[in-house]
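A.B. asks: Input sequences plus hints: build the corresponding full structure.
2 protein chains.
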Amino acid sequence: MNAEIIAIGSELLTPFRQDTNSLHLTAKLNELGVEVDFKTVVGDRKPDLVGAARIAFSRAHIIIFMGGLGPTEDDLTREAVAEALGLELKRDPEIGAALFAFFASRKVKMPENNLRQADVIAGAEVLKNPRGTAPGQFLETQYEGRQRLIMLLPGPPREILPMFDQQCMERLNARVLAHHIATRVLKIAMIGESDADRRAAPIYTQHTDVQTTILASTGGEVQLHLRTQAPTQEEAQERVDSLASLLEDEFDEAMFSTRGESLEQIVGYYLQMRGATLAAAESCTGGMLSERITSVAGSSRYFLGGAVVYDNSLKTSMADVPPLMIAEHGAVSREVATALAEGIRKRCKATLGVGITGIAGPGGGTEQKPVGLVFHAVSDGTTTDVVERRFPGDRDRVRHWASQQALDMIRRKLM
Amino acid sequence: MNAEIIAIGSELLTPFRQDTNSLHLTAKLNELGVEVDFKTVVGDRKPDLVGAARIAFSRAHIIIFMGGLGPTEDDLTREAVAEALGLELKRDPEIGAALFAFFASRKVKMPENNLRQADVIAGAEVLKNPRGTAPGQFLETQYEGRQRLIMLLPGPPREILPMFDQQCMERLNARVLAHHIATRVLKIAMIGESDADRRAAPIYTQHTDVQTTILASTGGEVQLHLRTQAPTQEEAQERVDSLASLLEDEFDEAMFSTRGESLEQIVGYYLQMRGATLAAAESCTGGMLSERITSVAGSSRYFLGGAVVYDNSLKTSMADVPPLMIAEHGAVSREVATALAEGIRKRCKATLGVGITGIAGPGGGTEQKPVGLVFHAVSDGTTTDVVERRFPGDRDRVRHWASQQALDMIRRKLM
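Respectively, the protein sequence lines represent chains A and B.
Just so we're on the same page, the working numbering is the position in the first sequence counted from 1, plus 50.
Just so we're on the same page, the working numbering is the position in the second sequence counted from 1, plus 50.
It is worth saying that the hints were derived from the structure and are not from the lab.
Owing to the predicted nature of the structure, the values given are computational and were not obtained by experimental measurement.
Check before you lean on any hint, since a few could be wrong.
Because identical chains cannot be distinguished in the list, a pair is counted as satisfied if it fits within a single copy or across any two copies.
[Unchecked claim] Below are the EDC-like pairs computed for lysine to aspartate or glutamate, each with C-alpha atoms no more than 20 Å apart in a straight line:
#	residue 1	residue 2
1	LYS463	GLU303
2	LYS399	ASP169
3	LYS140	GLU175
4	LYS96	GLU85
5	LYS140	GLU385
6	LYS399	ASP370
7	LYS463	GLU314
8	LYS96	GLU385
9	LYS159	ASP245
10	LYS178	ASP142
11	LYS419	ASP142
12	LYS157	ASP245
13	LYS159	ASP247
14	LYS140	GLU162
15	LYS78	GLU61
16	LYS399	GLU175
17	LYS78	ASP142
18	LYS419	GLU285
19	LYS396	ASP370
20	LYS178	ASP291
21	LYS178	GLU243
22	LYS399	GLU311
C.D. replies: Here is the structure:
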């Protein structure tokens, strides 16, 4: 069974806004064994909307409309879907009464056109919306002789996502003969996408019963997404697991996660497992490493903090880098990275200290020290590992790569 | 004239990946006065692709295909578009020779199927791709008696974006009768979307010749996008400018940007204008404020750095917060926020110091100090402003709001 997701709203056709609800809906539909074959974005013009609805009814079994259910003149999803199906809209007295009650409770007179939200396509079930005034609709019907499951859902994420999870999934589940799906997400640090594919392809192409997708993220991470369908859950799981273990063997230590965890989470697990703490002194990443580490809930158990040493005077006053060392080797140097890691470790009384210094660009590069050059150091008080890298890309990309490199070095130090 | 953008690739129909190229292309098309009326995402199956192409040719003047131009069996855009148009594919000897040369320079034998990238739809111009092996195609043709402009472009952003800007825009410009477009982006800090709309709507609804879109971003920022078309550039500009100045009057100091600049950039401008420097001591934001400030190129001119004082001992050792104060009032308190701002200012010898302490959640909340409670302080050595806020949402949202609040306080302090 396949699905089409249609996002409605002229704002989604501007350069500023993008539908993101469909990613969540796709994940849930995949759980049921339903593939999304098409996604469409269409504006608020009724003929465009009726046309897009007819196209979707002709090519997908499950059709989900998102948005255009509000009270304004621009909200035309109900009318357009009814017209495309040749069905009538009926005003639901219960929804109408609830709308009146909602406005009365706020002591506001209800504008007349709010009642349009009570219009329901003939035969549709009403889906309650505890977080907004526009209810959803679920309709099982025929289109040109074929069975179709049609949903009209509100656009705002905080309304559609719980409505879909709590009200649509059970209705879909009852109607869709579920296949059993198993997935695995494997993540690799500091290897390029084409290198990763060159090493992974000879393995996954031997396992055509598992669908393998390679994704590269901003700066130093490649993900392998494995997915299969089988008659039983055990069989599906066994298939992805056996492919996963072959890929684990191939990538060995570079594969930091085999269950989808982020690198920040993995570093957190290791630190807790070792009863260790961490402190960071960041120059070119300007706080990005600390921000990523503290994005994990509970990170206060192992992350003490540290310093953002953008100005050279702070490298000395906050992390005890000798001024002479900076004068001799420059702020962007192997020596200063080492001193930052060792200095911040002592200052914060942490098990591990990490130091980053580099040139994020676009300005500040020289022939000897070009934009993208970054030194990373991790110290445990006994030894200090230093890695010099030259990263490609713009300021944001260089900073991402550098924070990823530092996280990966912390992970390896703890392994 | 209208356009449809079609993104091709099964990975774009997973929960993990999303087309983002279309946002850039939409911005450029809008500059030419072309509206994007439809966006479609379709997988790598040829019948789906041929069907989507025919639908697009029937409803849009400009049709842009992105992706599916590579050498593999899954790359079917060329074949599908040719089939939908009833045109032939011809192998271009020049592209073929370039492919051979590319592989020869890497001392690799070219796999036979790479030659598919040399297939060009009859009548199409070839668009060079200096960043990849798959060239693009630009075709002006008829579909069912109507003029159509069709582009086949590669999927990776680093290939498609320069190709579109440098090769498609001039070709489009020559063929599209350009209207004159003017836009303005106004940004407001720390006001909710519905409040902003309630205040803005009475103004912009009086100006129906300007299209106004309200967008809310993660945590404390609302944007008003104004856009109009007119016979001359002056007339278009005058229209958006006059609406912008009415909205500026309404929002007054809360409107931090009237030309699209980010809050980080505005804070940077003000600091440079005043010849001032800044240092930050962050607890719950864990480096996010520093990371945002240093995301601006050239921020080393005014941002000195500071400390991430996650652990209480660091609040004392890095920013001189008296331990007794923490014991008496708790780490999350008005007093500690103030001491962080004043302490980090002195330590770093900065003009301004900023301190943030709060409970980002999900754990750590109590009845007196619930999740979302954050204290922000900004000190200039004479006075220290403190703001207590209780932010809604999850960990990421609370941290975003808190960093936004702090940036807005720095801006107001400098105004």
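A.B. asks: Indicate, hint by hint, whether the structure satisfies it.
C.D. replies: Structure-based check of all given hints:
1. Taking CA atoms no more than 20 Å apart as the test, LYS463 paired with GLU303 passes inside one copy only; the shortest distance there is 12 Å, against 50 Å between copies.
2. Neither within a single protomer nor between protomers do LYS399 and ASP169 lie at most 20 Å apart by alpha-carbon distance, with minima of 64 Å and 64 Å respectively.
3. Proximity of LYS140 to GLU175 under the C-alpha cut-off of 20 Å is restricted to the intra-copy arrangement: shortest distance 12 Å within a copy versus 53 Å between copies.
4. Taking CA atoms no more than 20 Å apart as the test, LYS96 paired with GLU85 passes between copies only; the shortest distance there is 16 Å, against 28 Å inside one copy.
5. In this assembly of identical chains, the alpha carbons of LYS140 and GLU385 never lie at most 20 Å apart, being 75 Å within a copy and 59 Å across copies at closest.
6. Taking identical chains as interchangeable, the C-alpha atoms of LYS399 and ASP370 lie at most 20 Å apart whether they share a chain (14 Å) or sit on different chains (16 Å).
7. Taking the shortest Cα distances, LYS463 and GLU314 sit within 20 Å of each other inside one copy (14 Å), while across copies they are farther apart (35 Å).
8. In this homomeric assembly, LYS96 and GLU385 never come within 20 Å of each other (Cα to Cα): the closest approach is 65 Å inside a single copy and 57 Å across copies.
9. In this homomeric assembly, LYS159 and ASP245 come within 20 Å of each other (Cα to Cα) only across copies, at 18 Å, whereas the closest approach inside a single copy is 63 Å.
10. Only within a single protomer do LYS178 and ASP142 lie at most 20 Å apart by alpha-carbon distance; the minimum there is 13 Å, versus 58 Å between protomers.
11. With identical chains, the CA atoms of LYS419 and ASP142 are never at most 20 Å apart, being 70 Å at best within one copy and 43 Å at best between copies.
12. For the identical chains of this complex, LYS157 and ASP245 are inter-copy neighbours only, at 17 Å across copies versus 63 Å inside a copy, given an alpha-carbon limit of 20 Å.
13. In this homomeric assembly, LYS159 and ASP247 come within 20 Å of each other (Cα to Cα) only across copies, at 18 Å, whereas the closest approach inside a single copy is 61 Å.
14. Taking identical chains as interchangeable, the C-alpha atoms of LYS140 and GLU162 lie at most 20 Å apart only when both belong to the same chain, with a minimum of 16 Å there against 61 Å between chains.
15. Taking the shortest Cα distances, LYS78 and GLU61 sit within 20 Å of each other only across copies (16 Å), while inside one copy they are farther apart (25 Å).
16. In this assembly of identical chains, LYS399 and GLU175 lie within 20 Å of each other by CA distance neither inside one copy nor across copies; the values are 61 Å within and 65 Å between.
17. Within a single copy, LYS78 and ASP142 get their C-alpha atoms no closer than 30 Å, and across copies no closer than 44 Å, so neither meets the 20 Å cut-off.
18. Taking the closest pair of Cα atoms, LYS419 and GLU285 never come within 20 Å of each other, the shortest separation being 54 Å inside a single copy and 49 Å across copies.
19. For a Cα distance limit of 20 Å, the shortest separation of LYS396 from ASP370 qualifies both inside one copy, at 9 Å, and across copies, at 17 Å.
20. In this assembly of identical chains, the alpha carbons of LYS178 and ASP291 never lie at most 20 Å apart, being 39 Å within a copy and 43 Å across copies at closest.
21. Taking CA atoms no more than 20 Å apart as the test, LYS178 paired with GLU243 passes in neither setting, with 44 Å inside one copy and 23 Å between copies.
22. Taking the shortest alpha-carbon separations for LYS399 and GLU311, neither the intra-copy value of 28 Å nor the inter-copy value of 41 Å comes in at or below 20 Å.
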